[in-house]
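2 protein chains.
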Amino acid sequence: MASRVVRDTEKESEILEKCKSFMSAPVTDVQALQQRKDEMSTRMEMLIMETQSAFCRALEEVDGGKFRVDQWRRKEGGGGISCVLQDGKVFEKAGVNVSVVYGTLSEDAARQMRSRGKELKGKDGKLPFIAMGVSSVIHPHNPHIPTVHFNYRYFEIEQADGSKYWWFGGGTDLTPVYIDEDDAVHFHSTLKEACDKHQVQYYPDFKKWCDRYFYIRHRGETRGIGGIFFDDLDKPNKEEVFNFVKSCAETVVPCYLPIVRKHLNDSFSADQKNWQQVRRGRYVEFNLVYDRGVKFGLATPGSRIESIMMSLPLTARWEYMHEPSKGSPEAEMLEVLRNPKEWI
Amino acid sequence: MASRVVRDTEKESEILEKCKSFMSAPVTDVQALQQRKDEMSTRMEMLIMETQSAFCRALEEVDGGKFRVDQWRRKEGGGGISCVLQDGKVFEKAGVNVSVVYGTLSEDAARQMRSRGKELKGKDGKLPFIAMGVSSVIHPHNPHIPTVHFNYRYFEIEQADGSKYWWFGGGTDLTPVYIDEDDAVHFHSTLKEACDKHQVQYYPDFKKWCDRYFYIRHRGETRGIGGIFFDDLDKPNKEEVFNFVKSCAETVVPCYLPIVRKHLNDSFSADQKNWQQVRRGRYVEFNLVYDRGVKFGLATPGSRIESIMMSLPLTARWEYMHEPSKGSPEAEMLEVLRNPKEWI
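Order-wise, the sequence lines are chains E and F. Each residue of the first sequence is one higher than the one before, counting from 1 in our numbering. Each residue of the second sequence is one higher than the one before, counting from 1 in our numbering.
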């Protein structure tokens, strides 16, 4: 009994210590986090805050600039912390966003939150929910440094009978402007390693899911060279799925930062910058036309538009009938987007 | 009888003569147009071709550049002519597109084509249709020259009992980067004049519809300062609606060209160019998130993506938390977008 109390106190002071290293105070009061320290919602909120701060610090170090930090509240319940570094030395626009929102959902809205709809029964048709996640999109200046995106999220919905329905989702994916085989292999291997610690089927399954999800249908192209993507993950149990998500979140910095450093001083031409701008246009097309997160955000009352639109590049370009010349590095990139590859 | 034959021959040679002045041969064979010279589909195809060529010639004259002209075919039936002038002296991107497509629709798709759905009965659930229109978006370099958009279209659907169901839609609207009261008054007065020749209620009704339609809900802003917009117009009769649409189409050049000429040599600062780029970002948001024409195009099998995406600006920008300073001309613009005005 005594050792239990000691462990509790240790955990509480650990939470307090960690909070000091975050980009801002967490959305939930530190005291509330301490009181509910063993609940999944607390552990996930700590994880997304840690991921945000680890990624922001790593980017600040390589860029030399500082993130602007905005805390925001949602009047319907919850809020978030948006960190943005705009027009830095390395990054044109880097956004890392945490949100923790709660309230009640209609049965219809609850079904739509899942990628594979499921019937949930609420009390008088209403279901209390909590949704939280960290998401980030980084657009560098240099066309030889790829854009990266990641998102890790957790949902909990309470049914009329008091049972809690929960799932995790997430993914990390890379959008280069030019193919660098070594970068692609490094990125995918790092993800595979994180996956393999948990389930050997995760990497192959979630790699395919990623190629399928980040697909610009009207162009017949994927957005980038993929990575992993998963949703509705609620097996084998909460503990194991959380540990998997934790491994993924911890792999964001080792996935991306070595690639940034490698290309930091690569020279580039005006034509290469132009091609990057055209690809940025496609990025915008995917995000505004297809992305479920953006659609959900734009349709959610009280959502913070600037944090949703943070994922769009600072600049983009649409050229009529742009088609790279045969055999060019631009055509090689397009070929991969039209026919996703196995990198490892 | 003899005079009827003479009139027919006159009309046929008139069609032939007009075709020579178009940007390219029309989608429908000239002979077929001559044979069906009195049908609405022929008269409308001639009107949209004339509108395209009149507008393109007027823009070429002021820009000094030449439109690239692409004829394209849709394997499911029909085709179009896309005219694009990119990176001209005055225009960053100017697109004027004509399309004439036909085939069969499911009852479900037929309902969705109307802005206010209507049940239509097809033979075995299939409905032959023809849809045609001219549409254009012009993005100038100079932030003091506004972007203009117009679209005039005609639909015909044949029901199982052989009855033809038809309607017209269209509109012209202006998206300035800065408010110029005189420009706004000129633009709206010219449209009102065209409307008033047909129905005094048209301008006030269609002005309101325009403000409602070109609304970026998630920003709480209209896309521009409006103009007119209407859909599903099938009253009082085909002849009168066509004459109204003709008046609107003929007013495109007098609406816009005087504004272009007036600001041709206006000087501008880097900050003003930047604000234009931010507004262009909002233009992209509207077109990709809300525009029914774009949604319909992206979802239609065999549609020509480059002609749909032609409406997007050459360049656009998304700045995090961009907010003009109080009392600035940028803030004045935003104020009007948040609270649409009556200009005349």
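Each hint should be verified, as a subset may be incorrect.
Copies of one chain are not kept apart here, so a pair can be met inside one copy or by any two copies together.
Stated by the list, open to error - The calculated DSS-like cross-link candidates involving lysine-lysine, where the alpha carbons are at most 27 Å apart (straight line), are:
no. : residue 1 : residue 2
1   : K273      : K89
2   : K75       : K326
3   : K235      : K262
4   : K11       : K126
5   : K121      : K246
6   : K262      : K75
7   : K262      : K89
8   : K66       : K192
9   : K192      : K235
10  : K197      : K123
11  : K197      : K126
12  : K341      : K208
13  : K262      : K164
14  : K75       : K295
15  : K118      : K238
16  : K164      : K235
17  : K164      : K273
18  : K208      : K75
It is worth saying that the hints were derived from the structure and are not from the lab. Just so we're clear, the structure is a prediction, and the values are computed from it rather than from any experiment.
Hint by hint, here is what the structure shows:
Taking the closest pair of Cα atoms, K273 and K89 come within 27 Å of each other both inside a single copy (16 Å) and across two copies (22 Å). Taking the shortest Cα distances, K75 and K326 sit within 27 Å of each other only across copies (26 Å), while inside one copy they are farther apart (54 Å). With identical chains, the CA atoms of K235 and K262 are never at most 27 Å apart, being 38 Å at best within one copy and 66 Å at best between copies. For the homomeric pair K11 and K126, neither the shortest alpha-carbon distance inside one copy (35 Å) nor that between copies (67 Å) is at most 27 Å.
With identical chains, the CA atoms of K121 and K246 are never at most 27 Å apart, being 30 Å at best within one copy and 55 Å at best between copies. With identical chains, the CA atoms of K262 and K75 are never at most 27 Å apart, being 44 Å at best within one copy and 47 Å at best between copies. For a Cα distance limit of 27 Å, the shortest separation of K262 from K89 inside one copy, 15 Å, qualifies, whereas the shortest one across copies, 40 Å, does not. Within a single copy, K66 and K192 get their C-alpha atoms no closer than 31 Å, and across copies no closer than 53 Å, so neither meets the 27 Å cut-off.
For the identical chains of this complex, K192 and K235 are intra-copy neighbours only, at 19 Å inside a copy versus 63 Å across copies, given an alpha-carbon limit of 27 Å. In this homomeric assembly, K197 and K123 never come within 27 Å of each other (Cα to Cα): the closest approach is 40 Å inside a single copy and 58 Å across copies. With identical chains, the CA atoms of K197 and K126 are never at most 27 Å apart, being 38 Å at best within one copy and 54 Å at best between copies. With identical chains, the CA atoms of K341 and K208 are at most 27 Å apart within one copy only, with a shortest distance of 10 Å there and 51 Å across copies.
In the homo-oligomer, the alpha carbons of K262 and K164 never lie at most 27 Å apart, since the shortest distance is 46 Å inside one protomer and 65 Å across protomers. Within a single copy, K75 and K295 get their C-alpha atoms as close as 20 Å, which meets the 27 Å cut-off; across copies the closest is 32 Å, which misses it. For a Cα distance limit of 27 Å, the shortest separation of K118 from K238 inside one copy, 18 Å, qualifies, whereas the shortest one across copies, 49 Å, does not. Proximity of K164 and K235 under a CA criterion of 27 Å is satisfied intra-copy only: 14 Å inside one chain copy versus 56 Å between copies.
Proximity of K164 and K273 under a CA criterion of 27 Å is satisfied in neither setting, with 49 Å inside one chain copy and 52 Å between copies. For a Cα distance limit of 27 Å, the shortest separation of K208 from K75 qualifies neither inside one copy, at 38 Å, nor across copies, at 31 Å.
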